[in-house]
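There are 4 protein chains.
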Amino acid sequence: MKIKFIKVITVLSSLFVLSSCTSKVKDETKNETETKVEKDVKSYWPNGAQLVISVSMQFETGGQPEGAESPFSGNPLPKGNPDLPAESWFRYGAKEGVFRMLDLWKKHSIHVTSHVVGEAAVKYPDVAMAIANGGHEIAAHGIAWDDQWNKTYEEELEFVKKGIDTVEAITGQRGIGYNSNWLRRGPNTLKVLQELGFLYHIDDLSRDEPFITKVRGKNFVVMPYTLRNNDIVNVEGKHWSPDQFLTQLKMEFDQLYEEGLKKRRMMSISFHDRIGGSPAMVKAMDEFLNYVQAKSGVVFMRKDEIAKMIQNDPNTPIDNSEEKYNN
Amino acid sequence: MKIKFIKVITVLSSLFVLSSCTSKVKDETKNETETKVEKDVKSYWPNGAQLVISVSMQFETGGQPEGAESPFSGNPLPKGNPDLPAESWFRYGAKEGVFRMLDLWKKHSIHVTSHVVGEAAVKYPDVAMAIANGGHEIAAHGIAWDDQWNKTYEEELEFVKKGIDTVEAITGQRGIGYNSNWLRRGPNTLKVLQELGFLYHIDDLSRDEPFITKVRGKNFVVMPYTLRNNDIVNVEGKHWSPDQFLTQLKMEFDQLYEEGLKKRRMMSISFHDRIGGSPAMVKAMDEFLNYVQAKSGVVFMRKDEIAKMIQNDPNTPIDNSEEKYNN
Amino acid sequence: MKIKFIKVITVLSSLFVLSSCTSKVKDETKNETETKVEKDVKSYWPNGAQLVISVSMQFETGGQPEGAESPFSGNPLPKGNPDLPAESWFRYGAKEGVFRMLDLWKKHSIHVTSHVVGEAAVKYPDVAMAIANGGHEIAAHGIAWDDQWNKTYEEELEFVKKGIDTVEAITGQRGIGYNSNWLRRGPNTLKVLQELGFLYHIDDLSRDEPFITKVRGKNFVVMPYTLRNNDIVNVEGKHWSPDQFLTQLKMEFDQLYEEGLKKRRMMSISFHDRIGGSPAMVKAMDEFLNYVQAKSGVVFMRKDEIAKMIQNDPNTPIDNSEEKYNN
Amino acid sequence: MKIKFIKVITVLSSLFVLSSCTSKVKDETKNETETKVEKDVKSYWPNGAQLVISVSMQFETGGQPEGAESPFSGNPLPKGNPDLPAESWFRYGAKEGVFRMLDLWKKHSIHVTSHVVGEAAVKYPDVAMAIANGGHEIAAHGIAWDDQWNKTYEEELEFVKKGIDTVEAITGQRGIGYNSNWLRRGPNTLKVLQELGFLYHIDDLSRDEPFITKVRGKNFVVMPYTLRNNDIVNVEGKHWSPDQFLTQLKMEFDQLYEEGLKKRRMMSISFHDRIGGSPAMVKAMDEFLNYVQAKSGVVFMRKDEIAKMIQNDPNTPIDNSEEKYNN
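Chains as they are written, first to last, in full-length UniProt numbering: chain A, 1 to 327; chain B, 1 to 327; chain C, 1 to 327; chain D, 1 to 327.
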């Protein structure tokens with residue numbers, strides 16, 4: 001049985017969250033029978049949400065190296081030859097994809113977290129500024145679209161710092177959240193991020209809610225990501241159709257929303273400029289947003305908002321599974 | 001034409017089965033027309049079920065070797081580099097997956113067979129104990145997530161024995177059913193299992209019902225497995241959506257359920273901690289369980305219960321297709 | 001607009017066809033408006049069918065070489081190690097698959113063409129005989145599951161002859177239709193088949209109706225096959241669900257059935273013992289058969305029946321695209 | 001909210017477009033409430049369309065080199081051995097596929113752009129002529145099915161010129177639009193095309209509307225292509241079903257059609273002779289065409305018509321992303 005209406009007591013942890021949180025929480029007064037149900041509901045989010053949904057929008061195009069994953073990369077040209085249709089495939093993200101998604105977020109009044117590769121912002125500053133101007137979080141994604149797991153501590157620090165400096169110069173926002181290339185951070189990454197003042201990272205797939213991990217003894221927030229609700233499943237551009245994405249989103253939502261009555265649950269969704277920005281994918285997401293907006297207690301938040309809200313909350317789980325790297 | 005109601009004469013082969021069998025069999029008294037139909041029904045299960053469904057839940061995470069199959073393994077890091085997002089992907093099984101599935105089994109009052117890798121139980125004893133405490137069967141899956149087909153008889157015996165000893169020490173249950181890594185047992189496996197007192201194994205895909213095979217002249221039960229009704233089809237995490245799993249389950253069920261009117265049929269379903277334990281997959285299984293619960297004569301059983309029930313039943317087929325290995 | 005009822009003037013070309021043809025043609029008397037439509041219908045099949053459907057059922061299991069395509073072959077064991085779960089996967093075809101399909105064909109009163117590998121019949125004579133006894137065509141598929149494209153003329157003749165001799169000794173039927181391993185016949189194959197008295201082969205994907213090709217100046221029938229309506233698309237056992245097969249069949253049928261009003265059209269469908277014989281696939285085919293049985297003018301025929309019916313029909317197309325090999 | 005009816009002011013830029021444009025634009029007079037909506041509609045196509053759809057139909061079969069991509073190419077024969085079933089798979093395009101598609105275009109009164117490989121036209125002149133006689137655009141696709149990205153300027157000019165000369169001799173039409181093999185043009189391609197008098201090319205995936213790029217300082221039209229609404233996603237023939245194509249088309253259409261109220265949008269769809277020409281794919285396209293024909297303001301056009309209509313329109317975007325190659 002689904003509980004359709006809950007009374008939400010909004011306990012916001014900071015003024016920042018209050019101002020920018022895109023809330024879909026409905027406080028609807030219901031009849032006696034329905035309000036009785038509310039008493040049994042345990043809500044574990046500080047803001048009383050039944051489910052928090054956080055959308056990522058990767059802006060990477062223009063930063064891709066030769067042979068970066070695309071419908072063409074499975075059959076690569078010999079090194080040194082420009083793959084012109086592949087380049088135009090990436091360019092789609094900057095010419096169409098991001099703008100189409102920005103229109104969608106605006107239509108549904110939600111704010112997302114955009115992971116911006118430094119070189120992408122340099123190549124397409126108008127795109128980076130349009131994202132920032134839309135009220136979205138500018139999060140860090142390295143200066144370049146490049147392996148990070150194999151860098152020394154110093155190289156990695158330089159790589160990340162150059163990224164946030166560069167993107168800040170263009171957008172006016174300094175990232176406090178991090179996403180590594182293909183999620184593949186190295187053993188030093190969290191220490192590097194801590195040194196640079198980051199609040200959280202997303203390169204973890206282990207939970208359906210944010211948690212704290214200790215880095216050099218201090219709290220560091222992990223905002224888990226997912227490969228499931230992620231347009232990257234279609235990076236090859238075949239063996240798939242966008243209704244499958246919509247179905248995945250709906251089934252994932254249904255389960256997490258129900259679980260949200262009993263514990264803190266977060267749903268993470270991810271779109272990449274050149275993939276999720278295609279017409280059919282935006283249509284699928286549009287339908288998903290319509291679907292969840294009809295439910296109460298569903299709150300869309302930027303990842304920085306969520307991280308700030310839960311970083312000092314005693315109900316936030318602490319997980320030191322990677323202790324050996326983070327001491 | 002589907003026969004919807006059958007009168008079930010429950011012939012239980014042991015007290016154990018009586019106590020733990022999760023029966024969905026309905027003994028509904030119907031009008032004359034309907035009860036007439038019953039007379040033509042031939043039921044071949046000792047407990048009168050029209051269809052027995054047995055669910056497996058692999059608990060393996062924490063035991064995986066470097067490069068174990070995941071959405072990351074198709075593009076592996078050079079040997080020796082920790083693949084941190086891949087590790088977090090596996091960790092999901094212990095942090096979310098198993099617990100979500102345990103909630104589902106409880107919601108539907110069914111008991112499953114859990115194939116537990118020894119090292120997984122050592123790493124996450126709370127998970128192993130939660131499974132055992134839920135009334136589920138703790139079956140063996142080796143001490144480690146490792147190739148078994150290439151071991152000598154002695155190595156293999158040690159590998160299997162260490163697994164059951166270790167898991168018994170943690171959960172209090174000693175496995176009597178076996179599942180090899182990727183089903184890939186070797187020529188000696190059944191003899192090893194017999195020597196260690198096992199009752200059955202599942203590494204066979206040849207039938208839709210359990211059967212007996214002779215090992216050194218004595219009965220050994222084979223509880224066939226399937227790759228069809230198995231979340232492993234989505235281990236790569238792409239080219240797929242969970243409604244496809246639901247459709248596969250329903251179509252497979254419909255056919256086997258109808259066949260169950262004429263002969264003994266078993267439906268095998270399998271979930272892995274980090275794959276089937278995702279929200280959308282659990283939602284799909286929840287819908288499937290609702291679907292089959294509306295039918296009469298559907299019985300969910302642990303594999304040890306089934307094996308004990310049919311091991312001495314003269315109606316159980318004997319199949320010595322692998323005679324050359326098992327003499 | 002679909003024309004639902006056509007008056008069928010059955011012009012059977014041989015007594016054989018008359019006796020074994022499984023006709024679904026309905027001669028329903030309709031009101032004036034509907035019968036007027038009939039006058040515009042041009043039917044190009046000698047038997048007046050609007051669409052002829054021919055089902056193939058490959059019986060191959062038991063003949064497979066080490067490493068034959070299966071869900072396991074993508075990750076093969078080192079040569080010389082028995083892949084026991086893979087072997088049990090193949091065995092499913094002989095233990096369950098063929099018998100389940102035979103039940104389905106019987107339920108719907110249709111006869112199919114079974115392509116039987118010689119070694120499969122030797123290993124499972126009961127399966128081969130059950131197929132023959134069901135009124136199905138026993139067609140040839142080589143003595144072994146082996147490459148045919150690389151054999152000399154003499155080797156190939158021996159390979160094919162041994163196959164038909166062996167299967168005839170077991171089933172009493174001598175194949176007159178041929179299917180090469182993976183369709184991969186060689187430049188000499190049709191000449192070899194002609195020398196051995198074959199009437200037709202199916203290893204061609206170029207048309208949606210049978211045609212004549214000249215081999216050493218004489219007519220040889222080609223009964224085109226398809227990879228589309230073919231369970232082989234799921235040989236890997238993933239990235240797929242059986243409702244996709246059902247949808248493919250229905251959409252293919254709808255188009256060909258409509259085209260059948262204007263020209264001769266044949267729909268070819270193929271099932272392999274261990275793939276199409278699974279419960280969900282048989283369920284899908286069951287639903288497809290129900291779907292087409294509601295239409296008039298749909299005729300199911302064995303391929304030998306079709307070949308005999310059209311081999312001397314002047315309306316049968318002649319296509320010598322492979323002239324250079326067949327002179 | 002969808003705006004269903006718009007008043008279309010047809011501003012045709014040339015008589016050519018007027019004569020051959022297949023317009024689905026409906027000028028329906030509506031009640032007051034609905035006509036008010038029209039005032040807010042901004043239409044950016046010169047002909048007032050809400051959405052222009054352009055279909056490509058590749059005719060390539062007969063020109064394929066050994067090992068060209070097919071369901072067989074993943075498991076190739078040793079070089080020099082004819083792959084007879086693969087050849088018959090390609091032949092399907094000339095024997096069935098193109099003719100089936102021509103019937104479909106005729107049924108729906110639309111004209112498409114056919115990219116014709118020179119050697120395909122030489123091998124099957126009747127197919128090439130049937131396309132031309134159907135009122136479709138004969139566009140260029142090289143003399144052979146061969147890599148173009150690795151040719152020198154002179155080789156490439158010869159390759160392209162021989163293609164248009166050859167196809168013109170057969171069909172009477174000289175191509176003014178170009179499509180490279182696998183879209184993989186080289187750095188010189190646009191200059192070569194300009195020198196040969198071409199008006200546009202399609203080997204670009206960066207936008208959902210045509211644009212101008214400067215080649216040696218002069219306008220050259222880019223008519224973007226897509227891999228999404230493209231039957232090539234099923235070239236391997238598995239892990240897919242045609243309803244997925246239909247769904248992709250509908251979702252893409254829905255989004256672009258809605259966007260068409262605010263800016264110029266073009267939907268590109270592509271079919272290849274031997275893939276899209278199969279019965280189920282044509283059925284899917286038939287259903288899609290029925291779906292969009294129920295909407296107003298949807299216009300199907302050949303790519304040459306579109307290019308001519310927008311080449312001198314000041315509203316056409318100019319994009320010099322590939323400036324470094326085209327100077």
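Some clues are possibly wrong.
[Said to hold, decoys possible] Sample of chain A residues with no beta-carbon within 10 Å of chain D, all distances over it, derived:
1) P82
2) Y92
3) H239
4) S278
5) A280
[Said to hold, decoys possible] Heads up, simulated BS3-like pairs for lysine-lysine below, C-alpha to C-alpha not over 25 Å straight-line:
6) A:K191 - B:K79
7) B:K123 - A:K324
8) C:K191 - D:K79
9) C:K79 - C:K191
10) D:K263 - D:K250
11) D:K324 - D:K191
12) B:K106 - A:K262
13) A:K250 - D:K250
14) C:K263 - D:K324
15) B:K295 - B:K324
16) A:K107 - D:K324
17) C:K123 - B:K214
18) C:K262 - D:K191
19) B:K191 - C:K191
20) A:K191 - A:K106
21) D:K191 - C:K214
22) D:K250 - A:K106
23) A:K106 - D:K263
24) C:K263 - D:K79
Since the hints were derived computationally from the structure, they do not count as laboratory data. Ideal Cβ placement from N, Cα and C applies to all residues, glycine included.
Going through the hints against the structure:
With 10 Å as the threshold on Cβ separation, the claim that P82 (chain A) sits away from chain D is violated: the shortest Cβ distance comes to roughly 6 Å. Not every beta carbon of chain D lies more than 10 Å from that of Y92 (chain A), the smallest distance being close to 5 Å; the non-interface claim is violated. Non-interface call for H239 (chain A) relative to chain D: violated, since the shortest CB-CB distance, roughly 4 Å, does not exceed 10 Å. At roughly 6 Å, the least C-beta separation between S278 (chain A) and chain D is not larger than 10 Å, which violates its mark as non-interface.
The claim that A280 (chain A) lies off the interface is violated: its Cβ sits roughly 4 Å from the closest Cβ of chain D, which falls inside the 10 Å cut-off. Note on K191 (chain A) and K79 (chain B): the hinted pairing holds, with a Cα-Cα distance of about 23 Å set against a maximum of 25 Å. Distance restraint check for K123 (chain B) and K324 (chain A): the Cα-Cα separation of roughly 15 Å lies within the 25 Å cut-off, and the hinted pair is therefore satisfied. Our distance criterion of 25 Å between C-alpha atoms is met by K191 (chain C) and K79 (chain D), whose separation comes to about 23 Å.
Only pairs whose Cα atoms come within 25 Å are accepted, and K79 (chain C) paired with K191 (chain C) is rejected, the gap being roughly 35 Å. For the given pair, K263 (chain D) sits about 19 Å from K250 (chain D) by alpha-carbon distance, which is consistent with the 25 Å threshold. For the hint pairing K324 (chain D) with K191 (chain D), the CA-to-CA distance comes to about 12 Å; that is within 25 Å, so the pair holds. Among the hinted pairs, K106 (chain B) with K262 (chain A) is consistent with the structure: their alpha-carbon atoms are about 15 Å apart, no more than 25 Å.
For the given pair, K250 (chain A) sits about 19 Å from K250 (chain D) by alpha-carbon distance, which is consistent with the 25 Å threshold. For the suggested pair K263 (chain C) and K324 (chain D), the alpha carbons sit about 55 Å apart, so the restraint of at most 25 Å is broken. Between K295 (chain B) and K324 (chain B), the direct Cα distance comes to roughly 42 Å. Violation of the 25 Å bound is thereby established for this hinted pair. The straight-line distance between the Cα atoms of K107 (chain A) and K324 (chain D) is roughly 38 Å, outside the 25 Å bound, and the hint therefore fails.
The straight-line distance between the Cα atoms of K123 (chain C) and K214 (chain B) is roughly 20 Å, inside the 25 Å bound, and the hint therefore holds. Taking the CA atoms of K262 (chain C) and K191 (chain D), the gap is near 48 Å; set against the 25 Å cutoff, the hint is violated. Pair hint K191 (chain B) plus K191 (chain C) does not hold up; C-alpha atoms about 52 Å apart against a cutoff of 25 Å. For a cut-off of 25 Å, the pair hint linking K191 (chain A) to K106 (chain A) is broken: about 36 Å separates their Cα positions.
The straight-line distance between the Cα atoms of K191 (chain D) and K214 (chain C) is roughly 49 Å, outside the 25 Å bound, and the hint therefore fails. For a cut-off of 25 Å, the pair hint linking K250 (chain D) to K106 (chain A) stands: about 23 Å separates their Cα positions. With a C-alpha separation of about 17 Å, the suggested pairing of K106 (chain A) with K263 (chain D) holds against the 25 Å cut-off. Between K263 (chain C) and K79 (chain D), the direct Cα distance comes to roughly 39 Å. Violation of the 25 Å bound is thereby established for this hinted pair.
Violated hints, listed in ascending order, are 1, 2, 3, 4, 5, 9, 14, 15, 16, 18, 19, 20, 21, 24; each of the other numbered hints is respected by the structure.
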